[in-house]
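*Asks:* Respectively, the protein sequence lines represent chains P and W. Using the working numbering, read the first sequence as starting at 106 and increasing by one per residue. Using the working numbering, read the second sequence as starting at 313 and increasing by one per residue.
So the derived list for chain W, only partly shown, Cβ under 10 Å to chain P, looks like this: (1) Glu596; (2) Ser599; (3) Lys602; (4) Thr647; (5) Lys648.
Hints are computed from structural coordinates only; laboratory data are not their basis. Just so you know, even glycine gets a beta-carbon here, dropped at the ideal spot from N, CA and C.
Chain residues, written in single-letter form:
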Amino acid sequence: MKLITAIIKPFKLDDVRESLSTVGVQGITVTEVKGFGRQKGHTELYRGAEYVVDFLPKVKIEIGVDDAVAERVIDAICKAANTGKIGDGKIFVFDMEEAIRIRTGETGAEAL
Amino acid sequence: MMIRTMQSAFLMAALVCPTLALAQETSQLSAGDTAWMLTATALVLFMTIPGLSLFYAGMVRSKNVLSVMMQCFAMTSLMTVLWMVYGYSLAFDATGMEAGVTNFHSFVGGFDKVFLSGMTVDSLSGTIPESVFMTFQMTFAIITPALIVGAFAERMKFSAMLVFMVLWFTLCYTPIAHMVWGGDGALMWDWGVLDFAGGTVVHINAGIAGLVACLVIGKRRGFPSVAMTPHNLTFTLIGASMLWVGWFGFNAGSELAADGTAGMAMAVTQIATATAALSWMFSEWLSHGKPSALGIASGAVSGLVAITPASGTAGPMGALLIGFASGVLCFLASTKLKRALGYDDSLDVFGVHAVGGIVGAILTGLCVDVSLGGAGLADGMTIASQLWVQCKGVIFTIAYTGILSFILLKLVDVIIGLRVSDEQETQGLDITLHNERGYSL
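Bound-form chain P, shown alone (with noise of 0.2 Å):
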């Protein structure tokens, strides 16, 4: 099993959400972050004083899938969360031990 953890622009969660329900995707976790990459962050201007914004709001998105379906979660997120542009964000694959499901006691891909 693996979790794929993506991290992309805020307005691409409902592209990258639709995407993943047709590759068969049941559950994900959202999470609403703070970072930068090579995007860097932005300048804000209140009355001639400048900030700069070193971090720029992102979605973090996680899915715990099963090795078989992992490529085509990947490929889905990439594809629904690409705008070309630099910012689009990371995705992260990580080997995933154990997955139980709490109310029923279910482990393994049976979980996910």
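Given chain P, put chain W in place with the hints provided.
*Replies:* Frame of chain P; chain W shown alone:
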């Protein structure tokens, strides 16, 4: 039974007395003027709470939102009581005044109206009840100290602020109001200074006190390297809009009557404000690349400030000129000048109110001339001589308020200390001074 008897007694009295009362008063009291002045008074109060409170609250950080709103609210309450007890008397009592004679009472009124003594339901001031005149002027005494709050926002002790404001109201506000509006025998009135609605009394006065206060108290911790971004500019825009609406009471109400001058004051107020909003917005667009919401709102307030002294004498062309000049100059003062000099006037009380007030006060001397559509110069005055009189009023007010504010602040600093501790400042004044938070989201 008792109540019913009293009711019928009142009915009888009401049937008989009004005719008697009216017969005595109709020659003087104007119902139209009174109705407008009741409305104008409410409009000016509305400028401070909630107008100015919101305008300021949006510009501070969220940890200090309540502190500035509370300071405005406390000023409203405190100044009301002080005005009732002695402020009205010191500003408007005419004891000992003689036209053309400079004596002690050219500077400050007497004590004959302390506790509003002598004011009854029948007392008149011109064509309106004295109670309405007194309350109308009270709302000016409220907003002036409340304006100063913006200069030392986010770092002054609430207790020290209260003590300073009592002293400042007593020694700066009431005397300047008296000198400008006291009538024959008052210092600046006799000089011929034109200040229809308080450019000098309210705005230069508050703006200079604000500058002195932020210099004496010192910069906020981290200024200017730490980001101190406004926490809710929607508040600021709503507040600025309320100030704009309320200002019709301020300027058109200063005519103290519902007549042509009041109508023209309303028109020029609207024109100057809109022009200043645009000129600040375009100045910012040109020099910083983008037009900002804070900029257009600040521009509107600078225009309101600048047209204030001229609103009873300028015409529409004058309003256009005053609006344009104040938008550009207040923009430069609040951005370039402030950065060059490095003082931390948190919410630009100096940049908007003092600079706008000075621009307005001086241009009032120009725009009063009939060639610019104004009401016309007084007999024997030329544009040059009126401009000099206006400058004299500005210079005197800056010197008087600047020096006295400095002394009063130093005094309060010695007695109770002006500033909160570093830890309190970092945590925010809402939680450390008031045990509350503005937001529990």
